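Top line first, the protein sequences correspond to chains A and B. Numbered per our numbering, the first sequence spans residues 129 to 427. Numbered per our numbering, the second sequence spans residues 129 to 427.
Hints in this document: simulated from the structure, not taken from any laboratory. Every value quoted in this text rests on a predicted model; they were computed, and no experiment measured them. C-beta atoms are modelled at their ideal positions from N, C-alpha and C, and glycine is treated no differently. There's no promise every hint is true.
Using C-beta positions, here's what the derived DEER-type ranges look like [to be verified]:
#1 A:T265 <-> B:V324: 41 to 51 Å
#2 B:Q331 <-> A:V151: 50 to 60 Å
#3 B:E321 <-> A:K134: 20 to 30 Å
#4 A:E321 <-> B:K400: 27 to 37 Å
#5 B:S410 <-> A:W183: 37 to 47 Å
#6 B:V324 <-> A:E216: 52 to 62 Å
#7 A:K150 <-> B:S262: 51 to 61 Å
#8 A:S330 <-> B:T265: 46 to 56 Å
#9 A:E321 <-> B:N425: 27 to 37 Å
#10 B:E321 <-> A:G354: 14 to 24 Å
#11 B:K195 <-> A:K389: 36 to 46 Å
#12 A:E413 <-> B:E216: 18 to 28 Å
#13 A:I251 <-> B:S330: 53 to 63 Å
#14 B:E321 <-> A:S330: 23 to 33 Å
2 protein chains.
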Amino acid sequence: MNWPEKVTIKEVGPRDGLQNEKVIIPAQSKMEWIDQLSDTGLSYIEVTSFVHPKWIPQLSDAALVAKGIKRKPGITYAALVPNQRGLESALAANIDDISVFMSSSETHNLKNINKSISDTFPILKDVIRTAANSGKTVRGYVSTVFGCPYEGEVSTDQVFRVCDQLFEYGIDEVSLGDTIGVASPRQVALFLEQAVKRYDMSQIALHFHDTRGMALANILESLNYGIDTFDSSLGGLGGCPYAPGASGNVATDDLVHMLHKMGIHTGINPEKLMKAAAMVQSFLEKPLPSHQMAVNNAQ
Amino acid sequence: MNWPEKVTIKEVGPRDGLQNEKVIIPAQSKMEWIDQLSDTGLSYIEVTSFVHPKWIPQLSDAALVAKGIKRKPGITYAALVPNQRGLESALAANIDDISVFMSSSETHNLKNINKSISDTFPILKDVIRTAANSGKTVRGYVSTVFGCPYEGEVSTDQVFRVCDQLFEYGIDEVSLGDTIGVASPRQVALFLEQAVKRYDMSQIALHFHDTRGMALANILESLNYGIDTFDSSLGGLGGCPYAPGASGNVATDDLVHMLHKMGIHTGINPEKLMKAAAMVQSFLEKPLPSHQMAVNNAQ
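For reference, chain A alone in the conformation it holds in the complex:
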């Protein structure tokens, strides 16, 4: 039980949770949602994505939402940006933490970003440097770390190559994504055994999807290796574009519940979290898939 005493949870529901949902939520509701999240004790909220509305129509109100939310001191408000143009919008909206993204597998990167990995690097390099020069922290999302829907398993060396490059450009943290929810605790252990030798664990976050139900087990295994930052989405919002109908991000409420039961602090108030989840559920007009919500909805 050599687990961290405290874990940082980065809430990605308003971005990653939403971008797989068909329903369009009005900007005003998103602001209420994020304002409620700000009241739960979360220290980091990814509020939107400044990608072209053509790609993610659900987030076409990025600037409106980012400017409309009530900023609470001590909370980092983050957003995803794909390029310099997105960065400019994010900076204009006073986003605190800039997230860039790419895949560790060539085919997923090509299908998702429409560029090869080597063509993606210079674009992210510019974004990262401009963001850093603007006084922002930068987060790098690396997708398909534990498996690619097109290529299958991705080699640890290939993941490290992408992470190394992003760290060299100046990211502050990498978020390693199990984009399609295929990682098992064994794969996590084998990966982290190598990663602990190469990186400072405080610069690594893990981002699990619960497609096959293994997300909490993978997080438990990660805790054994000193990982203390995880991404999650309130209520387990979001799905998997490669397995429609399947679970999305690991649910913030399920994660907070498990961590607190393990005596690990998160700084989050579970009652306020469930209140926020009930509100999000009312916006979506369907039950959120987390276990805590299933219990709450039944009561």
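With chain A fixed as given, assemble chain B onto it according to the hints.
Structure of chain B alone, referenced to chain A:
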């Protein structure tokens, strides 16, 4: 990663999974269900319960089902019995393994069996001895090991007291039940740290419910302590009488999926398992809650 190479999964769907379902499945369908399970590579199937039909109307066809299924060599067919009368019916139906049950918490035992713990012991003693004398193996289910809906946490000493007594009467294995799905990996670790000093781990099975989503994480933690026998229910069938609408037993298909991804053998064929799950789902006329079924149903 000091995990067992092989894990035995004890399928409890036709009993534990069903007794929380409102729908009554015809005996013929249950036989098809169990016959399909027999074809998956499972080595142990709990087929029914010989409790009075007044308590579990869903299982009032116990004798019919137990006698009607096709027995496959190498598979242990088990059933729950509450008393001598139930045992007689189980013996008449040629059940291989007799399961007795009681709670580790006084109040749950009283509410569930209508007797105090000390009044339950002599009844189980007789059943265990008669079953053993009839050449049967005997399994003892101990409920509320990690928490009682009425009393909260149950002390490890109290759990050990009940297990010790059942072992003294002659049970071959104890199945420790997280009846209301409240155990966390920390609680499992703290419990098993004590249990490994007292019992032979080959005589201990763990029985997790997924009410709060922690079942697979708890199983992962249990593997670290050498536990290699787990109960589960195909498709995650069954609910929690104390949290209606919540998840039931950990799903056999989710468990098999995780174990195989971890390189741990179960002897179970996942394709046949999903085929059986699809059949069970058609009987229940509602989606089964496991993650594997959510992915399959979406395809």
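- Item | Pairwise beta carbon distance, S410 of chain B to W183 of chain A, judged against the given window 37 to 47 Å | 39 Å, holds
- Message: Within 51 to 61 Å: is that where the Cβ-Cβ distance between K150 of chain A and S262 of chain B falls?
- Response: Holds, at about 59 Å.
- Okay, V324 of chain B versus E216 of chain A on CB: inside 52 to 62 Å? Given range 52 to 62 Å: holds, Cβ gap about 59 Å.
- Could you check the hint for me, namely that E321 of chain B and K134 of chain A are 20 to 30 Å apart, CB to CB? For K134 of chain A against E321 of chain B, whose Cβ atoms are near 23 Å apart, the range 20 to 30 Å holds.
- Is 27 to 37 Å right for how far apart the beta carbons of E321 of chain A and K400 of chain B are? 34 Å, holds
- Item | Whether the CB-CB distance between E321 of chain A and N425 of chain B falls inside 27 to 37 Å | 36 Å, holds
- Task: Confirm or reject the claim that K195 of chain B and K389 of chain A have a C-beta distance inside 36 to 46 Å.
- Result: With a Cβ separation near 44 Å, K195 of chain B and K389 of chain A satisfy 36 to 46 Å, so the hint holds.
- Range hint 18 to 28 Å: satisfied by the CB atoms of E413 of chain A and E216 of chain B? 54 Å, violated
- How does the Cβ-Cβ distance of Q331 of chain B and V151 of chain A compare with 50 to 60 Å: does it lie in that range? At 52 Å between Cβs, range holds.
- Query: Is the hinted range of 14 to 24 Å satisfied by the C-beta distance from E321 of chain B to G354 of chain A?
  - Reply: 21 Å, holds
- Message: Verify the CB-CB distance for S330 of chain A and T265 of chain B against the hinted window 46 to 56 Å.
- Response: 51 Å, holds
- Does 41 to 51 Å hold as the CB distance between T265 of chain A and V324 of chain B, or does it fail? Check passed, 45 Å falls within 41 to 51 Å.
Consistency note: the structure conflicts with earlier hint 12 alone.
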